[in-house]
Amino acid sequence: MAQNRIGGQTIVFNNNPPKIISRASIVGKKEGEGPLAEYFDKILEDDLWGEKTWEKAERRMFIETAQMILNRAKKEPTDINYLFAGDLLDQIISATFSARSLGIPYYGLYGACSSMTQTMSLGAAMIDGGYANHVLCVTSSHFCTAERQFRFPLEMGVQRPPTAQWTVTGAGGVLLSSSGEGPCITHATTGKVIDFGIKDANYMGAAMAPAAADTIKAHFEDTGRGPGDYDLIVTGDLAKYGRQLTIDLLKKEGYDIEDRYIDCGCEIYNEEQDVHAGASGCACSAVVLAGYLLKKIEDGELNRILIASTGALHSTISSQQGDSIPSIAHAIVIEKKG
Amino acid sequence: MDYIKAFITGGLICVIGQILIDKTNLTSARILVLFVTLGVVLTGLGIYEPIVEFGGAGATVPLPGFGYALAKGAIKGVKEKGILGAFSGGVMATAGGIAAAIVFGYLTAVLFDPKSKN
Amino acid sequence: MESLDVKQKKINEEYQKYANSISPKSNTVTNCIMAFLVGGLICTIGQLISNIAKNYYNMNTEEASATTSITLILIAALLTGLGLYEKIGKRAGAGSVVPITGFSNSIVSPAMEHKREGYVMGIGAKMFSVAGPVLVYGITASVVVGLINYFFIK
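Residue numbers (numbering that gives the first Met the number 0), protein chains in the order written: chain A, 0 to 337; chain B, 0 to 117; chain C, 0 to 153.
Treat the hints with care, since some could be wrong.
As the list claims (entries may be wrong) - Derived EDC-like pairs: lysine to aspartate or glutamate, alpha-carbon spacing no greater than 20 angstroms straight-line:
1. A:Lys51 with B:Glu79
2. A:Lys251 with C:Glu12
3. B:Lys78 with C:Glu61
4. A:Lys335 with A:Asp230
5. C:Lys8 with A:Asp89
6. A:Lys198 with A:Glu252
7. A:Lys198 with C:Glu13
8. C:Lys89 with A:Glu146
9. C:Lys114 with A:Glu252
10. C:Lys16 with A:Asp273
11. B:Lys114 with A:Glu54
12. C:Lys16 with A:Glu54
13. C:Lys86 with B:Asp112
14. C:Lys86 with A:Glu252
15. A:Lys55 with C:Glu116
16. B:Lys116 with A:Asp230
17. C:Lys9 with A:Glu252
Unchecked claim - Below, a sample of chain C positions facing chain B; criterion: calculated Cβ distance under 8 angstroms:
18. Ile21
19. Ser25
20. Met58
21. Thr67
22. Ile99
23. Tyr136
What the hints assert, rightly or not - So the derived label-pair ranges between C-beta atoms look like this:
24. C:Glu116 with A:Ser317: 46 to 56 angstroms
25. A:Asn269 with B:Ile18: 26 to 36 angstroms
26. C:Pro23 with B:Thr26: 43 to 53 angstroms
27. B:Asn24 with C:Lys6: 42 to 52 angstroms
28. A:Ser314 with C:Glu62: 43 to 53 angstroms
29. C:Thr29 with B:Phe53: 44 to 54 angstroms
30. A:Ser317 with C:Ile21: 24 to 34 angstroms
31. A:Lys51 with B:Val102: 18 to 28 angstroms
32. C:Thr29 with B:Ile3: 39 to 49 angstroms
33. B:Val102 with C:Glu116: 17 to 27 angstroms
34. B:Ala94 with C:Val119: 41 to 51 angstroms
35. A:Ser318 with C:Val135: 14 to 24 angstroms
Worth flagging that the hints you see were computed from the coordinates, not collected in a lab.
Even for Gly, the Cβ is constructed at its ideal location relative to N, Cα and C.
Using the sequences and the hints given, assemble the complete structure.
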């Protein structure tokens with residue numbers, strides 16, 4: 000019997016809840032001009048960062064974020080048992096090529112923009128299960144690498160519709176540990192792939208909102224908790240309209256989260272930054288969690304949060320073939336303990 | 000006067016494109032294909048010629064004008080060379096533009112790098 | 000199983016309708032005005048080039064038209080290289096997509112973007128990722144028009 004499972008989709012970390020003992024975030028120039036600028040550890044002045052390609056710049060952000068996390072915890076790569084990581088690019092090259100440099104045993108994961116909580120769920124289970132002492136979880140995305148893969152060349156003069164989102168340039172991550180000081184991960188609710196038939200790749204919020212709502216609802220049902228048990232409920236990158244849809248979908252299920260709910264995609268940029276609906280990308284929830292939310296928990300302003308990174312799992316080929324956009328959301332509970 | 004006519008004709012053709020983009024979610028690549036093909040068909044039906052006579056560059060500069068040049072070239076080719084002209088006429092009439100796009104496109108790509116966007 | 004699919008389909012349809020209802024529509028009126036002004040302006044510049052070619056260089060209509068195209072394609076290629084065409088396109092929408100300058104932009108932008116994948120498979124191959132279909136359908140349609148003229152009209 001799996002004694003640490005509750006309900007259909009949730010696990011509880013009962014044995015040795017993993018602590019988040021170190022964290023770091025690096026963002027691009029535009030993100031550094033937004034309202035959360037002061038929370039990020041490093042802001043690039045130029046999104047190419049002196050590299051030859053955007054892809055190399057993304058990798059460098061990834062590697063430096065990982066190194067920053069390790070330095071802060073005073074750990075060497077050899078102290079780390081696992082690296083769980085992912086990004087948006089084909090064959091997750093940012094994570095994999097960075098893992099080559101870091102030399103840590105590595106599981107590459109693809110969950111599109113849900114990567115942050117996906118990697119943390121699995122990393123937490125490794126630690127709680129007694130299979131690891133230290134697990135590093137990092138994800139990254141870059142506007143210029145994502146844009147060319149999923150949409151148009153940068154210099155092409157096209158208009159973006161109001162529901163379009165802006166991929167965050169950045170990398171964020173955390174170090175999970177079986178011992179030490181830091182906020183704990185207490186639960187993880189694994190999402191199902193949900194598809195309500197949205198096909199518009201310029202309206203990802205609508206495609207992902209049902210997945211977010213489904214996972215949050217499953218979490219409440221499995222744990223017997225409700226919105227009131229959390230200081231803050233957070234989703235990854237649904238942006239303005241996806242956030243509204245999530246509120247409405249959950250209201251239909253009898254959960255009113257509106258007064259304690261933020262979406263990372265709505266937090267990174269100002270209204271004036273011309274990003275339309277908001278932010279997206281693996282780095283969206285990664286830098287908001289690693290930079291902003293964990294700081295608030297450490298400072299005691301937040302005690303217990305539920306965060307669900309959200310991912311759209313389509314590819315350019317599936318979109319061209321007319322398929323709708325399947326989506327997923329993985330939720331974890333982070334709590335200040337002690 | 001021909002400047003005003005060009006402005007209005009060209010502007011209106013672009014407005015049709017804008018309405019298509021906003022209302023139908025067509026990507027700009029599809030708009031380009033649609034407009035060129037439309038220009039060819041309308042020229043073949045004899046509808047586009049009067050628009051060109053009225054609008055001048057206002058009708059030839061937008062992409063239906065590219066279609067117009069292709070179709071007109073093909074029709075002219077047929078008159079001069081028969082069936083061979085049906086194949087060679089269109090490309091011949093537009094060869095300057097296509098070659099220019101390739102050469103300038105290549106040179107620009109060699110000389111410039113894309114910039115990150117804010 | 001089938002009834003479940005039907006039920007899900009109904010949920011999907013309702014959801015899609017609702018999702019569309021809360022999303023703001025593109026501001027078509029403003030967009031159309033911008034498209035009209037920018038598109039009109041590009042064509043007026045084209046008319047100017049054409050008139051110069053005719054009046055000062057004694058070109059016939061076809062030659063003047065080709066010269067106009069080539070000049071506009073060059074200008075648009077430069078603007079794309081300098082990163083300005085994208086800025087115009089963001090505001091002008093179809094106004095900068097539909098004129099021949101948009102065709103030029105659609106060739107130059109992927110070529111620039113893929114330079115880092117090499118001069119042959121990067122620039123050379125990707126140059127026509129957007130403009131290729133335009134030539135495929137445009138040229139095919141023109142051959143069809145030519146053949147129809149040959150067999151039925153001539």
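Consistency of the hints with the structure:
no.	hint	result
1	A:Lys51 with B:Glu79	violated (53 angstroms)
2	A:Lys251 with C:Glu12	holds (16 angstroms)
3	B:Lys78 with C:Glu61	holds (17 angstroms)
4	A:Lys335 with A:Asp230	holds (11 angstroms)
5	C:Lys8 with A:Asp89	violated (31 angstroms)
6	A:Lys198 with A:Glu252	violated (24 angstroms)
7	A:Lys198 with C:Glu13	holds (14 angstroms)
8	C:Lys89 with A:Glu146	holds (15 angstroms)
9	C:Lys114 with A:Glu252	violated (51 angstroms)
10	C:Lys16 with A:Asp273	violated (26 angstroms)
11	B:Lys114 with A:Glu54	holds (14 angstroms)
12	C:Lys16 with A:Glu54	violated (38 angstroms)
13	C:Lys86 with B:Asp112	holds (16 angstroms)
14	C:Lys86 with A:Glu252	violated (44 angstroms)
15	A:Lys55 with C:Glu116	holds (13 angstroms)
16	B:Lys116 with A:Asp230	violated (36 angstroms)
17	C:Lys9 with A:Glu252	holds (17 angstroms)
18	Ile21	violated (17 angstroms)
19	Ser25	holds (4 angstroms)
20	Met58	violated (12 angstroms)
21	Thr67	holds (6 angstroms)
22	Ile99	holds (6 angstroms)
23	Tyr136	holds (5 angstroms)
24	C:Glu116 with A:Ser317: 46 to 56 angstroms	violated (23 angstroms)
25	A:Asn269 with B:Ile18: 26 to 36 angstroms	holds (31 angstroms)
26	C:Pro23 with B:Thr26: 43 to 53 angstroms	violated (20 angstroms)
27	B:Asn24 with C:Lys6: 42 to 52 angstroms	violated (27 angstroms)
28	A:Ser314 with C:Glu62: 43 to 53 angstroms	holds (47 angstroms)
29	C:Thr29 with B:Phe53: 44 to 54 angstroms	violated (27 angstroms)
30	A:Ser317 with C:Ile21: 24 to 34 angstroms	holds (25 angstroms)
31	A:Lys51 with B:Val102: 18 to 28 angstroms	holds (26 angstroms)
32	C:Thr29 with B:Ile3: 39 to 49 angstroms	violated (23 angstroms)
33	B:Val102 with C:Glu116: 17 to 27 angstroms	holds (20 angstroms)
34	B:Ala94 with C:Val119: 41 to 51 angstroms	violated (23 angstroms)
35	A:Ser318 with C:Val135: 14 to 24 angstroms	holds (21 angstroms)
Violation of the numbered hints given earlier is confined to hints 1, 5, 6, 9, 10, 12, 14, 16, 18, 20, 24, 26, 27, 29, 32 and 34; the remaining hints are satisfied by the structure.
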